[in-house]
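Undergrad: Following the hints, position chain Z against chain R.
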Amino acid sequence: MSVITYRQALHDTLRAELARDDNVFLMGEEIGLFEGSYKITAGLLDEFGPRRVRDTPIAEEGFTGAAIGAAMLGLRPVVEIMTINFSLLALDQIVNHAAKIHGMFGGQLAVPMVIRTPGGGGQQLGASHSQNIELYYSFVPGLKVVAPSTPADAKALLLAAIRDDDPVLFLENLALYNTKGEVPADCAPATIGKAHISREGEDLTLIGYSRMAHVARQVAEELADSEGLDIEVVDLRSLRPLDRDTVIASVRKTGAAVVLEDDWLTYGIGAEIAASISDGAFDHLDAPVRRVAMAEVPLPYAKSLETAALPSHDDVVTAVHETLAAVGRRR
Amino acid sequence: MTTTNGSNEAIPTLQLLDPQGNRVTTRGTKGYRDRAAALTAEDLRGMYRDMVLTRRFDDEATSLQRQGELALFAPSRGQEAAQVGSAYALRPQDYVFPSYREHGVLHVRGLDPVDRLRFFRGSDHGGWNPTEHNTSVYTIVIGAHTLHATGYAMGVQRDGTPHDKNDGTAVITYFGDGATSQGDVNEAMVYAAVNDAPVVFFLQNNQWAISEPTTRQTKTPLYKRGEAFGLPSLRVDGNDVLAVYAATQEALERARLGQGPSFIEAFTYRMGAHTTSDDPTRYRTSEQEEQWRRRDPIDRLAALLRSEGALDDDFEAEIKAEGDELGAQLRDGVRALDGGSAVSSMFDDVYATPHGTLATDRAWYEAYDAGDPPASQYAIADSAQGGAR
Chain R
1 MSVITYRQAL HDTLRAELAR DDNVFLMGEE IGLFEGSYKI TAGLLDEFGP
51 RRVRDTPIAE EGFTGAAIGA AMLGLRPVVE IMTINFSLLA LDQIVNHAAK
101 IHGMFGGQLA VPMVIRTPGG GGQQLGASHS QNIELYYSFV PGLKVVAPST
151 PADAKALLLA AIRDDDPVLF LENLALYNTK GEVPADCAPA TIGKAHISRE
201 GEDLTLIGYS RMAHVARQVA EELADSEGLD IEVVDLRSLR PLDRDTVIAS
251 VRKTGAAVVL EDDWLTYGIG AEIAASISDG AFDHLDAPVR RVAMAEVPLP
301 YAKSLETAAL PSHDDVVTAV HETLAAVGRR R
Chain Z
1 MTTTNGSNEA IPTLQLLDPQ GNRVTTRGTK GYRDRAAALT AEDLRGMYRD
51 MVLTRRFDDE ATSLQRQGEL ALFAPSRGQE AAQVGSAYAL RPQDYVFPSY
101 REHGVLHVRG LDPVDRLRFF RGSDHGGWNP TEHNTSVYTI VIGAHTLHAT
151 GYAMGVQRDG TPHDKNDGTA VITYFGDGAT SQGDVNEAMV YAAVNDAPVV
201 FFLQNNQWAI SEPTTRQTKT PLYKRGEAFG LPSLRVDGND VLAVYAATQE
251 ALERARLGQG PSFIEAFTYR MGAHTTSDDP TRYRTSEQEE QWRRRDPIDR
301 LAALLRSEGA LDDDFEAEIK AEGDELGAQL RDGVRALDGG SAVSSMFDDV
351 YATPHGTLAT DRAWYEAYDA GDPPASQYAI ADSAQGGAR
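Each protein sequence line maps, in turn, to chains R and Z. The numbering of the first sequence is the numbering used here, which starts it at 1 and goes up by one. The numbering of the second sequence is the numbering used here, which starts it at 1 and goes up by one.
If you are wondering where the hints come from, they were derived from the structure by calculation, not from laboratory data. Since we're looking at a predicted model, the values are computed, not measured. C-beta: ideal position from N, C-alpha, C; glycine also.
Listed next, with one range per pair, are the computed distances between beta-carbon atoms:
#1 Arg20(R) x Glu366(Z): 36 to 42 Å
#2 Pro298(R) x Thr275(Z): 38 to 44 Å
#3 Gln288(Z) x Leu91(R): 34 to 40 Å
#4 Arg293(Z) x Pro298(R): 53 to 59 Å
#5 Ser304(R) x Thr220(Z): 48 to 54 Å
Isolated chain R, as found in the complex (with noise of 0.2 Å):
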């Protein structure tokens, strides 16, 4: 067991399959020589060589699309898209082909693909660098969503989406690279479409992924010290397939949900979530489910305005406050 970065359990880990598997190699923009935007791929051009690890073209739709021809002959790309807003430039690639060459071939070619990229805002990078649309990907049959927040399900995540035979899009974000954690030197492959309850709890669960999920742990523990609350938090951890059976388990256990989003609130991930808890667990909600997200904006690139903007700490402490207020009338 170390205690590493995000960033370095994803290197690790790219480093460990390298090694391991001969079909497994990374494509990118900037991921060889430069060692990639955000140092994930550092040093592995030199240990693996050009055969291994591939500088591409500035050209998303093109790489994409050559990764999956590549993963149709049997081999194992790992694409970096430099951020998931540039993903939109390989759209059709990823939700037209990636997502449905299995089904529409009749399942006799798959696609094991993954394509790593980070979102996220606050590094003030303007609107359109600043995106949180693993939705877009969430909302496809034929794809997996994973999004990891810790350095160890970063690890176990990643070895799984490395060895999935479905096309995986392994969501980053940027504010937790430099994140610190356990990470067991053994760790084993993580089951893709299961989520974790990272901290157990009997008066409210608290469901996020990603950056909100340890925005969560981070609540949930304060208010354990200051206030003597007992707070559950699910890390959803895969978006797709979504484990509707643990988020709607713990509701029914707590009766009360606060859903956490780094996206935009209407049509966004907390909704399909919020459904969910409607449908598994209706009878034993004491309150309204509430959702916490970005203001629906294009994220402003003045600090004040985009810190404003994206949903914070202490939007969630509110949340949480208001919804046991809510229980605290009914029970």
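TA: Showing chain Z alone in chain R's frame:
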């Protein structure tokens, strides 16, 4: 041969057989003439038979669509030389990424004719096993598969295929003039070029993207697009099966020898509709259609064979009988195809590896099918969770 692009500018075009079926001897084409000369009379008779049968397949499938047996069909009439000629240059180990009109290529690759219509019937996604004939299934999204071909070729390259003009492996991808405007096709050429991928970009310029003429896609001859990306590029008379064969063979050998990608523009004409759902008389003139009827690729090869004593009435009758047999096989085979499967079968191939959400969805649809739908697709059985409080 030269043709013009509408501005009276002559465009160099390889031609080995003129529209009257005479072999053409032009300076600078000896290498191609030698390749064509290596085809025996029996090879040429085979090409002719395959072109005629491809057209018969077209006619039968169009009739089946008119009878409501196929949802849609995209005919290849007029493009038989481009398709059969290029496919004859392929070797079994080569891999084909077609678009959706390459019925002549599929025929030469040996795909079962009924399987080739499963997709248009809507009875099966894809319709054939791509690995069985090294031929991918049809891709409807315009130009997208050129990237798949490029990636596949990079995989071939990475696997270390021998650099040998016979035993190496090449990949070929077919697309049309409309597709050349797509970003995917341009990105595929960038990518193939800088990686020396063993892939041949085979453009069938049939001059019409549904109702849009080539003048809506380009100001320059399209083979120059390939040149601009650094690909050896050649324009051939797409209705001349000999020129198509020789040019494709050269390009495939270049790929098999590890010398990188090539671009071929086969200049041809879509004699029929784009698909069974449009009417070409609404967007082009009968004069143009008539002009191209006089350049029919099948008539051209027939004239050559007759002048060289390789085609007689007996052989024509033999092909006719084979065509009748093909027609009967298609009519019976297509009508016998399963038109619909159990509703829950739509979940079968959504993922290569099954998972919980999919299983939940499937179970709900199966229960619905059986007339016993649960209240909600996503509700967990109350008994499992202790019931409502």
